[in-house]
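Q: Take these sequences, add in the hints, and give me the full structure.
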Amino acid sequence: QSLAISGVVTAKSDGSPLAGVTINDVTNSSTVIANAEGKFTINAHIGDLLKVTYIGFETQEITIKENTTSLQIILQDGQNSLNEVVVTALNISKEKKTLGYSVQGLKAKDIAEAKETNLVNALTGKIAGVNVTSSQGDMGSSRIVIRGETSIAGDNQPLFVVDGIPVDNSQLLGNAGSRDFANAIADINAEDIESLTVLKGPNAAALYGSRAAHGVILIKTKTGKGAKGFGVTINSNTSFSNLLGLPKYQNEFGQGSDGKFSYVDGKGGGVNDGVDESWGPPLDGRLIPQFNSNGVAVPFIAHPDNVRSFFKTGVAVNNGVSLAGSGDKYDFRLGYNNLHQTGVIPNSEQGKNSFILNATYKLTPKLTLSTVANYIKDDASHIPGSGGKRSTSTMLEFTWFGRQVDVTQLKNYLDANGNTFNWNNSYYSNPYWLAYQNTVGQTKNRFIGNIELNYKIIDGLSANFRTGTDYYNDRRKIRIAYGTNGTPFGSYEEDGYDVSETNTEGRLQYTKKLNSDFSVDALLGGNIRVNSYEENDQKAPKLAVSGLYTLSNSRDPLISSNVYSKYKVYSYFASGQVGFRDYAFLNVTARNDWSSTLPKANLSYFYPSVNGSLILSQALDIKSDVLSYLKIRGGWSKVGNDTQPYKLLNTYDFTAPFGTNPQQSANSTDLNPNLKPETTTSAEAGLEINFFDDRIRLDASVYNTNSINQILSVNVSQTTGYTQKLINGGTINNKGLEIVLGLTPVKLKDFKWDINVNYSRNHSKVVSLDPEGRLQSYLLGSDGTVQVLAAVGKPYGSIYGTTFERNANGQLIISADGTPAVNPTNQYLGKYTPDWLGSISNSFTYKGINLSVLIDAHVRGSIYSGTNATGTYTGILASTLPGRGAANGGLTYTTGTTVNHDGMIFDGVNADGSKNTTVISAQSYYKALTNADAPFVYNATYIKLREIKLGYTIPQQWAKAIGFQAASIAAVGRNLLIIHKNAPNIDPETAFNTGNGQGLEDLTLPTVRNIGFNINLKF
Amino acid sequence: CKKELVDINKNPNATQNPQPDYLLTAAIKNTADTYWGTANNMDASLLFVQYWAKIQYTDPDRYIYSNTSFQDLWGIGYSKSIVNLNKIISLADAQANPNYKGVALVLRSWVFTLLTDQYGDIPYKQATNIEQYLTPAYDKQRDVYFALLDDLKAAEADLDPKGKAIAGDLIYGASANNITQWKKFANSLRLRIALRISDREPDKARQVLADVQTEGSGYINSNADIAELVYLDSPNQNPISNLFDTRDDYRISKTIVDKLVELKDPRLPIYASPTKDATPQTYVGIPNGLLVGDASNLGFTKTSKPGVYFLAPHAPAVIISYAEVLFDQAEAVARGLITGNAADLYNQAVTASLNQYGITESTTVNTYLAQASVKYDASNYKKSIGNQKWIALFGQGLEAFAEWRRLDYPQLTPAVAGTLNGKIPVRFIYPGTEQSLNGASYKAAITDQGPDLLTTKLWFDVN
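Here the protein sequences line up with chains A and B, keeping their order. Heads up: the first sequence begins at -2 in our numbering, then just goes up one per residue. Heads up: the second sequence begins at -9 in our numbering, then just goes up one per residue.
To be clear, the hints were calculated from the coordinates, so they are not data collected in a lab. All values derive from a computational prediction rather than experimental measurement. Mixed in with the good hints there might be a few duds.
[Unchecked claim] Partial chain A-side listing against chain B, Cβ under 10 Å, derived:
#: 1; residue: S254
#: 2; residue: Y546
#: 3; residue: L548
#: 4; residue: N550
#: 5; residue: S562
#: 6; residue: G656
#: 7; residue: P659
#: 8; residue: Q661
#: 9; residue: N712
#: 10; residue: G718
#: 11; residue: Y719
#: 12; residue: T782
Note that CB positions come from ideal geometry on N, CA and C, so glycine has one too.
A: Listed below in structure tokens is the structure:
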């Protein structure tokens, strides 16, 4: 006997109706969905079992009784291992238990409250196996790598997918030189994110093809689903940033050399006044003419805060409003967010406006149209300079510095005659001049959008068509002012980029429970991807007149260049899942790509994957108070990869003509007409085991990834006529272990304590570079004589540099001049990749109050520090004090008739084996120390107090009383403290950019700490 | 769809078809910029032979270098010059224009000479043939010089003044008889190399010079034939001019100023600029290799920059001068390699050098030549030729460095605060990239030649 049963589903937490809940009559396989008011009607029989499921809520089972006519279903918030749903490849939601690979995610709140201007930073320490390196200052880029570097030469960062559409995360460094432009994913507004899921290895990502070999980060934006009528949310976040640390400077000696200094013109006219080092007289108040004293001798004294006082507090203000609504046929969310940020460097500033519309409309009961449109406008008036370039860099000037200089005296960077005014005129411009005159502006317009049609053909079979695009243009205006030291005529450059990717995809999906034992879920689809890239750079290399920044205001012919590239990939893909009794699942995927970038014979390539999961606790029907859940999983996958456009045939490039003679030269890379696709295979096994009603949750994974046939633009000896050669070679192996441990030590009615621990280690080994074994190393990056290599037999990212010669007993060998001899051959000094990464997060919830503390650790690995090397050479660091003068333990010696007290002796032996007794000045001693790289390579270990977050959600009834549906406030501190580190004077978590040449620090901007406040109000 | 995909991948940014004239322009320009530029000239050889000295950032002047310091000549030499010159040679064969081939061979030989003169053993036979040799082996310096002599002989034969014209020639392009001039350039290089090996292989040197004599095209025989690149305005300005636009790191060396003053040499006002602040001596050089403070304390305005002739945007980068060729011939006579009058050739050489700088007034020239300190000393030809050739080669750091090593004159005192235990560098160290990218070949070269140090003597440098 069939009964028409009506019901309503509400949430236990706030009693609000839940739209979109699935009510499945398991007995006779029929399903209905609750409407916007949480209401539904279903025809069922007495004795039928109804299963009520909804993402983020515990599943409830209800048996229809004789007298059932209506149902009041109250769902408990929260997930457990059996009902947790995750977003997987192609934006398809799946129950996590069915997956044979590791998936970890973040929720909206985690991302939005701890607001980072670079989204990537929000992942730091929160996901096992994910290594995030934020660069410098408070506006730069961040690099993210999952499970180690699997590509020797290519981009090792994961693919980002927003609402099913791959989006660009490249970092276009361009010609601005030493500007750390943010990586492109930083455009995404944290407030719009509903969930973020990390698919870690190629196992998880076989369906995305090529680019997923390094993992995938899936972002789902918020929708209006579940909103009752219209709802308005206002979010406001203000955060302040200041320097986390500066090098430890010495304050005993000022500018100069050999203890002498006297200022006349700052470029050698006085005594050592062109010298940009601090080997000058003691800062004891003696009277010396200085840069700001007009020739008058004034006290020579320390200004211990002279570097710090240049920096200011950065302020980022984020205000957003969103409107969400839903009805029977539609739902939508419209959001607007404005960010305005001023950085720690004076005059640095950036802003962002973003608009997003996410809407769904049911055209007919079977046909649904949905769309997401996200428009982002970035506007930066000045992006600060980073590494060591003299026309832009702040830290370069402060590392080559006179410790007596009072920076506050430099704020007026022009003197009475309109000339630049600085402490040194032989090499530098005033740092404020750099900040206010040599600006780099950036404007960027970005559109990310898609349209999707979903048609339910018959029950269980649906067709889906989606087309989406990610397009941006990026315009940069790079000014070097007239009169800048080293560029007397200044320069002006405009760079423009147009980057786009369009994906058009169709697929058929079939989901069916065949009988009480088996279910199938199958998918077949095709995709066309088109990428295009265009760059156009114009530069007036020398300005004709000062202060006018146009391309026509040029003394010399303009320097112009442009690049255009296009790239297309056709793909077919299929996936299938067979489930047995809801506890055993087998998944297979297959994909074939046809890429325009490969030669005709090799442009088609196929790759499959297989994985399975078995929920042993259910299969074996283990019902125990101790063991609550046990799942084992495993899988194998292969991912093919193509290359960049135009990598097949050698070309000859034109450069600007010499007079009327055009110039043409062979491109410095020898290309390869016989490229084959590269292949990554990965095997993964995992275990998920929960105890005591999920109060202890352990998820462990091991993996082994081999990447072969890598397409490498290897550096080759220039004696070959080329600097690089494109080869198919290169094998790299990555093995690793990831453990995610969740604990809930206390769970009371009003109080809950959660602990989350992530641990991961990855070991990489470069097995070979070319099939013939002729190449032994691939250059990833360099700084002076320090090279970061992928060297055969060594871990990826090995650091090589010069060392001092030592005898068999390990003693330094000292030359006749009293300084250690340098071994001219570069030696292995370490690797930049960490041995392991770990984090622990403690979260306490008491009623509406939530406190969480995240500490993360990056253990071992090495970093070469240019700040330490340069600062030792220039004598600005406190570490250069020992031996400088009798008070600092200096030895007494005489040169000619002068008696000196700054003598030092290198501890080592002479060529004949006798002990070295040659006394040299401290200045010579520390400078000689910088002749080798090894003394400046440090253990990169750090432990950071990454995040403290205190949030309060106002109880519903109170919020309602003051006219809100919900209200919450939060205070968040990020990067608060370096609890432990081994490298002096720098934050070992630092980088120039997001490339593979990491492990090098060279006068980068100090890292910052952030403290922010967040208010979220719903009407 | 395959055809569509292949079409999409056609590169719209560059051509696969080079032109010999365009390649030639680029090869000459790139090589000259490096030859005359910072790393090899201003920050190395001009300091070693004490033409220039540093007044700021004095590390190079104190012989403090790393294995990246000498990357430029190596990198540009092989991957910008030689590879493109080889392409010209293959295009010349395809287009049946042997004049391109001859010109490219002459230039390539010059580049190889620069390389082996500074580093010693270098890849020659296996160089710039990437499909076959990814890690080219190094050839012994002797073998390189011998091979270059063969190449130049072939080039001289290929060059035909009646043959097809060439374009893109920045060295002799303006001249109607440019191919004839290239033949003289080729022979002058053969003369240079013959002398370079003359301490080791006098018979080979004698043979080469006899061949040139027989072939009959002769050497560079006027200042109008000087092989040089004359620069244009910015951005194609002389690299030294470009550097002095923004930097003030160099002064003329005290060593050469003192010598020119001693000889009352009329080239002094051309080689050196007067001090900015008036000084009693007008021209003040600074000693090489002072500590940073000691150098700048001499005063930026009280010491002399190089002369405006060398700082001008259009200043030439001289590859081989008429004066050099005459000095070479004088020495060849003195060594008995050819017949002639050494003293006469020596006087002509000094005269040619003075003329090169516009000093043509005969009394000035004769007065100079008549000085006892200038006169040719047949009993010590190395001293006379060494000292005067050193003065004549001013600016051509790399050639002067090679000749100073070979002739051992002038006798230079090492840098004041030099770091080589009282020695002056006698070679460049190989770039560090060779260690990481061509390690086995590099190690074999070190085994053959000696440690990769600035003080390891090369094969040609006998004493």
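Q: Work down the list of hints and note, for each, if the structure agrees.
A: Hints versus structure:
The interface hint given for S254/A holds, since its Cβ lies 3 Å from the closest Cβ of chain B, which is under the 10 Å cut-off. For Y546/A, the suggested interface contact is broken, since its CB lies about 19 Å from the closest CB of chain B, more than 10 Å. Hint on L548/A is violated. Least Cβ distance to chain B is approximately 15 Å, over the 10 Å limit. A cut of 10 Å between beta carbons decides the hint on N550/A: the least distance to chain B is about 15 Å, and the hint is violated.
Hint on S562/A holds. Least Cβ distance to chain B is approximately 7 Å, under the 10 Å limit. The beta carbon of G656/A comes within 5 Å of a beta carbon in chain B, closer than 10 Å, and the hint placing it at the interface holds. Nearest Cβ of chain B to the Cβ of P659/A: about 5 Å, under the 10 Å cut. The hint holds. Of the supplied interface hints, the one on Q661/A holds, with its beta-carbon coming within about 4 Å of a beta-carbon of chain B, less than 10 Å.
Taking 10 Å as the C-beta cut-off, the interface hint given for N712/A holds, the closest approach to chain B being about 6 Å. Given the 10 Å rule on beta carbons, the hint for G718/A holds: about 3 Å separates it from the nearest Cβ of chain B. With a least beta-carbon distance of about 6 Å to chain B, the hint placing Y719/A at the interface is held under the 10 Å criterion. Among the interface hints, the one on T782/A holds; its C-beta lies about 5 Å from the nearest C-beta in chain B, closer than the 10 Å criterion.
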